[in-house]
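**Student:** Residue strings, one per chain:
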Amino acid sequence: MVISKIEGKQIGIKDSLAINQEFENEIAPYRARLQEDMNTIISYAPKTYSKTDGDLNTAIGNLMADIVFKQGNSIFNKRTNKNIDAVILNHGGIRSIISEGNITTETAFQVMPFENSIVVVALKGQQIDSMMQYLSKAKKAHPVQGITLTLDKDYSISEALIQGKPIIKDKTYYLATNDYLYDGGDSMLFFKPNDTTYYLNYKIRNAMIDYFKKVDTINPKIDNRFTQTR
Amino acid sequence: MKRRTFIQQSTAATALVTLGGFGFQSCNSIIKTRKITILHTNDVHSHIDAFGPDDAKNANQGGVARRATLVQNIRNENPNTLLLDAGDIFQGTPYFNYYGGELEFKLMSKMKYDAATIGNHDFDNGIDGLYAQLPHANFKFLSANYNFKNTVMDTHVKPYHVFIKDGIKIGVFGLGVKLDGLVDKKMYKETEYLDPIEIASDMSRILKEEEACDLIICLSHLGYYYSKDAKKVCDLMLAKATKNIDLIIGGHTHTFLPKPTVAQNSEGKNVLVNQVGCYGINLGRIDFYFDAEKNKTANGTSIIV
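Those sequence lines, one after another, are chains E and L. If you read the first sequence in my numbering, its first letter stands for residue 1, the second for the next number, and so on. If you read the second sequence in my numbering, its first letter stands for residue 1001, the second for the next number, and so on.
Treat the hints as calculated values from the structure; they're not laboratory data. Hints may be right or wrong, so weigh each one.
Unchecked claim - What follows is a set of in silico ranges between Cβ atoms, one per label pair, in the way DEER data are often shown: (1) E/Arg31 to L/Asn1150: 44 to 50 Å; (2) E/Thr48 to L/Pro1053: 18 to 24 Å; (3) L/Lys1057 to E/Glu159: 37 to 43 Å; (4) L/Ala1212 to E/Ala138: 52 to 58 Å; (5) E/Ile19 to L/Val1162: 33 to 39 Å.
To be verified - Cross-link-like lysine-lysine pairs, in silico, BS3-like; alpha carbons within 30 Å at most: (6) L/Lys1140 to L/Lys1232; (7) L/Lys1140 to E/Lys9; (8) E/Lys9 to L/Lys1035; (9) L/Lys1185 to L/Lys1149; (10) E/Lys9 to L/Lys1057; (11) E/Lys137 to L/Lys1149; (12) L/Lys1186 to E/Lys124; (13) L/Lys1112 to E/Lys14; (14) E/Lys9 to L/Lys1231; (15) L/Lys1243 to E/Lys192; (16) L/Lys1232 to E/Lys139.
Glycine residues also receive a C-beta, built at the ideal position from the N, C-alpha and C atoms.
Given only the sequences and the hints, what does the whole structure look like? Please build it.
**Tutor:** What follows is the structure in structure tokens.
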């Protein structure tokens, strides 16, 4: 037997198609359990926050970096007696806006659907410099915490501080990020080589949920951590 | 149906793509035509439910319980149907975060999927997370260029499978995308990625010569085409570099094609390349009609897309 004719097409799954009740019945308990959690109100947003509101730092990005710092440091400090000096995440990793109104568990899943976890990396001052260079070239509101980076009108670095102080070349700093970026995501290649890597096994999304549960009303703001002078 | 039917033209002179010459009409075309229907999805990404009415892009589209109705209708019309998925079954909605892919596999089994290949996101809970969900999957996992020998998936994934429908032998093999740089090594562990074009050449030879298949299908998660990286291996490159493959069902790039692509293989013969976007918004349908050899030389193979 040989092929004599081929017909190919694509059929849209539209709402004009009937729902197969057997499938619906199988899905229903899973959905119900999910919605129970997803609809749980865990905090409140006084306004809508988007990653496009702001130039080199945004309220939602600052919130994410602050959460990774606060939630991550409580674990990191307990395990190592050390403290996180700075945080860097990626702008693209913010997957949704936070809408004005109630924050639910689903909000955390929308903003951070991935399973990425917090990683703390021990880096020398030179590598912190490389990170600053990366940020100045990316010209993007990658969420950061613990650093102050000021660019001039040509996007050259005019000031780069960590914990409010100049970067010391040979000093070891503890930089928190997520495992995706640590492994070279978004071309962030300054994490390696390093002295030590601490895998906290703490998902960013769980850190967000834990934070939201503690905070009645979030209040993130655009600030001076990463700016450009005109 | 409102769908427009496109007639693919490979030469200006003929309305249909004709492989055989214009020989004399066969006198004894008594042998009945057989029809095999191939249905396919890709990159469903845990979209169990349809998009909500307020979704800015895909309002009210998709949903497994609706796809089930459509698939059943098509099976009623032609029982000689295969249902295939080109990978990235996992990750994209809280269903995956919560249940780790259990419901995705259960529903695919219930819908009687025949086979799926493995996408990069199917490693998102690690290779152990994928392995843990296998008891819920009543369909075959096919991947010829992932060597799982030193992983828990060893023996649970086959390079190819030959399905027989209405006496027609259908060889299906799977291909996966390069994992290094895309998936954390911690997730895929000792899974070894092999050159997809070399492997596809071996597979199509085995399926054609050793298994004597009438129809050869590649389930690929390589991606349709990369405009910014033209050297990156993709389905269009695969089609061009190989022979004996009739259909490449793709995934990974979430490509919405207005219609299946008719590409030419290394022998200048037609290969169909299709991909249906993502999130279960569409179902691909390719119908293959089979005739006795002598009828074919008279009429050629027409491709209507």
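**Student:** Decide if the proposed pair is consistent with the structure: E/Lys9 and L/Lys1035, CA atoms, cutoff 30 Å inclusive.
**Tutor:** holds, 15 Å
**Student:** For the pair supplied as a hint, L/Lys1140 and L/Lys1232, confirm whether the alpha-carbon distance does not exceed 30 Å.
**Tutor:** holds, 28 Å
**Student:** Can the suggested window of 37 to 43 Å be confirmed for the beta-carbon pair L/Lys1057 and E/Glu159?
**Tutor:** Given a distance of about 42 Å, which is inside 37 to 43 Å, the answer is holds.
**Student:** 18 to 24 Å was suggested as the range; check whether the CB atoms of E/Thr48 and L/Pro1053 agree with it.
**Tutor:** Given about 21 Å between the Cβ atoms, the range holds.
**Student:** Quick one: are E/Ile19 and L/Val1162 within 33 to 39 Å, going by C-beta?
**Tutor:** holds, 35 Å
**Student:** Assuming the hint says 52 to 58 Å, is it satisfied by the Cβ distance from L/Ala1212 to E/Ala138 or not?
**Tutor:** Because 56 Å falls inside the window, the suggested range holds.
**Student:** L/Lys1185 and L/Lys1149: Cα distance at most 30 Å?
**Tutor:** OK: L/Lys1185 and L/Lys1149 at ~16 Å, within 30 Å.
**Student:** With a cut-off of 30 Å on the C-alpha distance, tell me whether E/Lys9 and L/Lys1231 pass.
**Tutor:** holds, 29 Å
**Student:** Between E/Arg31 and L/Asn1150, does the C-beta distance stay in 44 to 50 Å?
**Tutor:** Check failed, 38 Å falls outside 44 to 50 Å.
**Student:** Within a Cα-Cα threshold of 30 Å, do L/Lys1232 and E/Lys139 meet the stated pairing?
**Tutor:** holds, 28 Å
**Student:** Hint check: E/Lys9 vs L/Lys1057, CA-CA at most 30 Å. Holds or violated?
**Tutor:** OK: E/Lys9 and L/Lys1057 at ~22 Å, within 30 Å.
**Student:** Does L/Lys1186 pair with E/Lys124 here, judged by a C-alpha cut-off of 30 Å?
**Tutor:** holds, 25 Å
Violated hints, listed in ascending order, are 1, 11, 15; each of the other numbered hints is respected by the structure.
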